[in-house]
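*Asks:* Start from the sequences and build out the full structure, keeping to the hints where you can.
Those protein sequence lines, which keep their order, are chains A and B.
The opening residue of the first sequence carries number 74 in our numbering; numbering runs sequentially from there.
The opening residue of the second sequence carries number 2 in our numbering; numbering runs sequentially from there.
Hint data in this document are derived by calculation from the structure and do not stem from the laboratory.
Here a beta-carbon is modelled for each residue, glycine too, at the ideal position from N, C-alpha and C.
One thing to keep in mind: the hints can contain errors.
Restraint ranges, calculated between C-beta atoms of paired labels, are given here [as the list claims (entries may be wrong)]: (1) A:Ile259 with B:Thr64: 44 to 52 Å; (2) A:Val279 with B:Asp154: 22 to 30 Å; (3) A:Leu199 with B:Asp154: 21 to 29 Å; (4) A:Leu199 with B:Pro153: 48 to 56 Å; (5) B:Ser211 with A:Pro255: 30 to 38 Å; (6) B:Gly123 with A:Pro255: 38 to 46 Å; (7) A:Pro293 with B:Val128: 33 to 41 Å; (8) B:Gly123 with A:Arg180: 18 to 26 Å; (9) B:Ser93 with A:Gly145: 18 to 26 Å.
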Amino acid sequence: MSGRALSLALVACLGFGAGCATSPGPFTPPPESQSGSTALAPTPEPDQRASYPKQPMLPGPQPVQVSDPFQGFNRAIFYFNNDLFDGYLLGPVAHAWMFISPETVRRHIEQAFDNLNSPGYVIEPLLQGDPKQSGVALSRFLINSTVGVAGIFDPAHHFLGLARRPEDFGQTLGVWGLGPGPYLVIPIILPRTCLRDALAYPVDWVLNVGDGGIWTIWAPWFAGIAVSSARYTNRRALIDADLNTGRAAAVDFYVASRDAYLQGRARDIRNGAEAEETPNDELYEIDDGNHPAP
Amino acid sequence: MSSTRSTTATTLRRSLRLACAAAFLLASYARADGEVAAAKATMQHTVDDTLAVLNDKSLAPDTRRAKLESIAVDRFDFPTMAQLVLGKNRASLTPEQQQQFLAEFKQHLSLTYGRTFDRYTGAEKIVLDGGRLEGNKDVTLRMTITGGSAPPDGVRIDYRMRANADKWLVIDVIPESVSLVQSFRSQVQEIVTQKGVANLIQTLHDKNASQAQAQAPG
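*Replies:* Below, the structure is given as structure tokens:
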């Protein structure tokens, strides 16, 4: 996810903001700019914002409280996951898979696996008090499993506008008010997570059948490994370009991944709902260096 | 009689207050609408210019990248972005270090965007389909990219824009609610805290050098 998020930022800027030409000078805002510290002095006009008709916007980035007390351990595992496991095993296998499979095939395979997560996508919204979304997920499952040939295709979205919305128990715990807790990096299985999502994993293992593995209880052990490896490889292939871009863009890929993960999870828990107040303006205030004494 | 006059006066006062409130709301609405529309017009030009470059198949990759960069120079407020990314750490940089950081930061973004650019085919449909006025008078616009090399669900990206004089410039890019400024700020904070300011600039410099090498023709 982090690779995708970062690359999307870069993709977005690519077309509309890649540049390194001249500027007025370092940290010198243009004349009459709002960028200066004076212009940025908080002058909120809540009435004005409230009067503007709400449009279907994404929620703004929210301040993310990062708790990373195990950073030394996390960085070591991150190095193993990113540099060793992905660098020497998963990445090369995924590249081989990319060489022999068109992207369309990879996307349809992923859709079929994702369709198996439907029990979680149906039940979790109910636990979150959102029966409407639960109905949407159930409809998607019924339509895509039949008309969509076991989920390989997505007619529910294409013809009925029923958009996919992934759900898991970590999100439900978040909706119930449980914070993310310390950031954790776990070898291979959960490359990036937080304590809350790690605790939720057993429930997801049961409900999100495509991501989890409850079915492996009844299957031969090698079948479980084979199917999980296939999906892992296919997913890795799908995010290859994003991952490369994310790695190239980050000056500290561990921090970039952590931040994107936590921001992304906060977004997932909000389920696209806009906050009444958008508490993100602080991020866009230029620090003038005047800090009150502690 | 006196009671009737009093009731009428009260009614008139209430009506006047309601009229004033309605006028204020209408004025606010018009102002917010105008600012969002102005920012959107700027971004629409950028989208049009960019699509024209992407669809020009006669351009060599290097030329195409250079053209996109030249479009972007007018649309992004790199000095403001650099200040936002540095946050409270800016005070610990000397003016020379600030200059170095800005130069490296701009080059870093440019090189990475150039790399990302090669993934676009020009077949994408790009639509500006939302906008809101923020509390500090910034404007956030939503862009949706579908088709072409975009994933099946499409890509939704917010652009946070700020007025510089009469010009709206981008100060943050927020794909799927993940802020580029916030991400870079966290990285900068980590490096400055762990290794110091000099290391931050050196890290950016090294990153740029390796990226430039990787992207060099041949």
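*Asks:* What hints, given by number in increasing order, does this structure fail?
*Replies:* 4 and 7
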